[in-house]
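Peer 1: Chains as they are written, first to last, in the working numbering: chain A, 1 to 312; chain B, 1001 to 1286.
Everything labelled a hint here was simulated from the structure, so no lab data went into it.
It should be emphasised that the depicted structure is a prediction, and the values quoted were computed from it without experimental measurement.
Just so you know, even glycine gets a beta-carbon here, dropped at the ideal spot from N, CA and C.
Treat the hints with care, as some may be off.
Covered by chain B, according to a simulated footprint, are these stretches of chain A (three or more residues, beta-carbon under 8 Å) [to be verified]: (1) 36-45; (2) 107-117; (3) 234-243.
Chain B stretches covered by chain A per the calculated footprint, using a threshold of three residues with CB under 8 Å from any CB of chain A [claimed, not checked]: (4) 1091-1102; (5) 1124-1130; (6) 1251-1265.
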Amino acid sequence: MTMAALDANTPVMEHEDTRDSRRLGLWLTFPAQILVLFIAVFPILMQVYISLTDWSPLDGIGWWQAHELWNSFANYSDLMADDRFWSALWRTVLVMAICVPCEFLLGLGLAILFVDDFPGRRFLYSVLLIPMMVVPAVAGYMFFMLFQSGGPVNDILSFFYGAPVTIAWLSDPDLAFFAVIVSDIWQWTPLMFLILLAGMVGVPEDQLRAATLLGASWATRFRTIVLPRMKTIIIIALAIRVIENFKVFDNFYIMTGGGPGVATETISIYIYKVTQQELIWGYVAAVALVILIALSVVSALAIKRMSREVSQ
Amino acid sequence: MNRSLSFEIFRYAAILAIVALSLVPTLWMASMAFKPIAEWSATGADLTWWPKSPTLDNFRFLFGESSSDLIVALDRTATQPILASLLAAIFGTLIAMIAGTSAAYGLSRFGSGGNLPLALIQLRIFPPMAVMIPVMIMWAFLGLIDTWYGLALVYGIVTMPFAFWLMKTFFDDMPREIEDAALVEGCSRLRVFWKITLPMMRPALASSALFVFILNWSDYLIGLLLTTRDWVTIPVYMASLSSSMTGQLYGAKAALGLIAAIPPVVLGIAIQKHLVRGLTFGALKQ
Chain A
1 MTMAALDANT PVMEHEDTRD SRRLGLWLTF PAQILVLFIA VFPILMQVYI
51 SLTDWSPLDG IGWWQAHELW NSFANYSDLM ADDRFWSALW RTVLVMAICV
101 PCEFLLGLGL AILFVDDFPG RRFLYSVLLI PMMVVPAVAG YMFFMLFQSG
151 GPVNDILSFF YGAPVTIAWL SDPDLAFFAV IVSDIWQWTP LMFLILLAGM
201 VGVPEDQLRA ATLLGASWAT RFRTIVLPRM KTIIIIALAI RVIENFKVFD
251 NFYIMTGGGP GVATETISIY IYKVTQQELI WGYVAAVALV ILIALSVVSA
301 LAIKRMSREV SQ
Chain B
1001 MNRSLSFEIF RYAAILAIVA LSLVPTLWMA SMAFKPIAEW SATGADLTWW
1051 PKSPTLDNFR FLFGESSSDL IVALDRTATQ PILASLLAAI FGTLIAMIAG
1101 TSAAYGLSRF GSGGNLPLAL IQLRIFPPMA VMIPVMIMWA FLGLIDTWYG
1151 LALVYGIVTM PFAFWLMKTF FDDMPREIED AALVEGCSRL RVFWKITLPM
1201 MRPALASSAL FVFILNWSDY LIGLLLTTRD WVTIPVYMAS LSSSMTGQLY
1251 GAKAALGLIA AIPPVVLGIA IQKHLVRGLT FGALKQ
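All chains should be modelled from the sequences, with the hints used to inform the complete structure.
Peer 2: Written as structure tokens, this is what we have:
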């Protein structure tokens, strides 16, 4: 394995760095730059503008006239006092703090089981990847069906309990929270497994054999040889899941719509619902902007830190 | 590594148990898709795990055939949503691949692009929900709401980072000697890219495109925000498969879910060699 992404800024090719090839390079990156400008730079400027007003699409005035509804930072002070926002943010972090470690440990365990060859390994490996490939929204529908009070989960529980179990999973705040977390872990453990296994397979066989000959136990070999070599991969796998998990929307929204009450409302669901129900887009723009700024700061720090860790 | 037989048996049993468990939700949906109404609407003790009398009724219902058992008929069949998902995902992939591949080549060979690579990582970190409000306003302004091309444009931009990073690692891996030889022969840089590099990269382009297609196909939120009626995508349309008279049409939902789930599962397994590279933004190659 090689680290390509994080040292992307180092110039790759110095020879025949003529004006011609530099111009071609500019042209080649031009479409991508335009697209980024179109979706990132311009919309964010627009978002800053709208976030300072009370504008809503129902006001009957175009967004460019939003300055008529200027409210000088009132949205931002409202935000500080918005309990629903803070609880959604806290819930998003909580979901992450539960899901990511579970997915990591399960994925690591699976990777350990799969690291040596056995008959049927390739086939079972492909089968294990299926949950990750299922469209997340469809996964949401699957788990919505599974967790119905007359559904299969309760059917299995009834079998073990010996009497009919009719738990209303998705209408109880705690159980609904548990259910959405289960769906997330089901879907994304294979991703951890896939990445961690790729890293584990890269550990040189001869080092392991030498350690075995020296009498190192399996646990020692794993701790002293395999894990240190997997450090980069573990960091990358965790980073990917933390990033993706923070955005979580599809399966949660389909399973519970953020409910019951706000029991499963993550930050994306919160923003979506405010956009749809309250229609004060000036306020939503302010919320989204705060999230974007916070994420930019955190991610810039994390990328810097990660490149340092990884290059060690 | 030699381990005891009992350990091997334990390992095998554990693997099989986990694989079986991970398949349950998918198999449940597949089973629901082929159940007649009496079975998919059963609850509690009447629940059947496997369709007793398998039928294609749910699929027929989706495409407009009225079912004798079901009083409701769909006011819109699933054909248009499937078409919407396909068009948006395919053209989105095209946009992402064209912009991403050329930028990746520019960066890989000429070091151009400035802060584009980091901007693309940042773009990936932002939750789409937080970027979408101004996009919704812009799209309404440009008349792109509820069109497949408006959706395709957003898909293209959102998945371009993946196309870019994937293709960059493929270009970095490619031996330079062939390109250099052609340059010495007097070919222009652009000609070398077009006539030599791209044809050589065909397998890489194909797997990157499939990967990007899977991502586009898997979208829900962007379709939910940018389409309203005519061009709703499959997952958005799925929500309409319930009525006040019958409640949730689980059978039809499961059938459509199965249709939506098959392309990415098949394509994903086909390109599994490159999945790690794609998912880690090209940071890891298998």
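Peer 1: Determine for every hint whether it applies to the structure shown.
Peer 2: Each hint, compared with the structure:
no. : hint      : verdict
1   : 36-45     : holds (count 7)
2   : 107-117   : holds (count 4)
3   : 234-243   : holds (count 4)
4   : 1091-1102 : holds (count 5)
5   : 1124-1130 : holds (count 7)
6   : 1251-1265 : holds (count 7)
Hint check: no violations occur; every hint is consistent with the structure.
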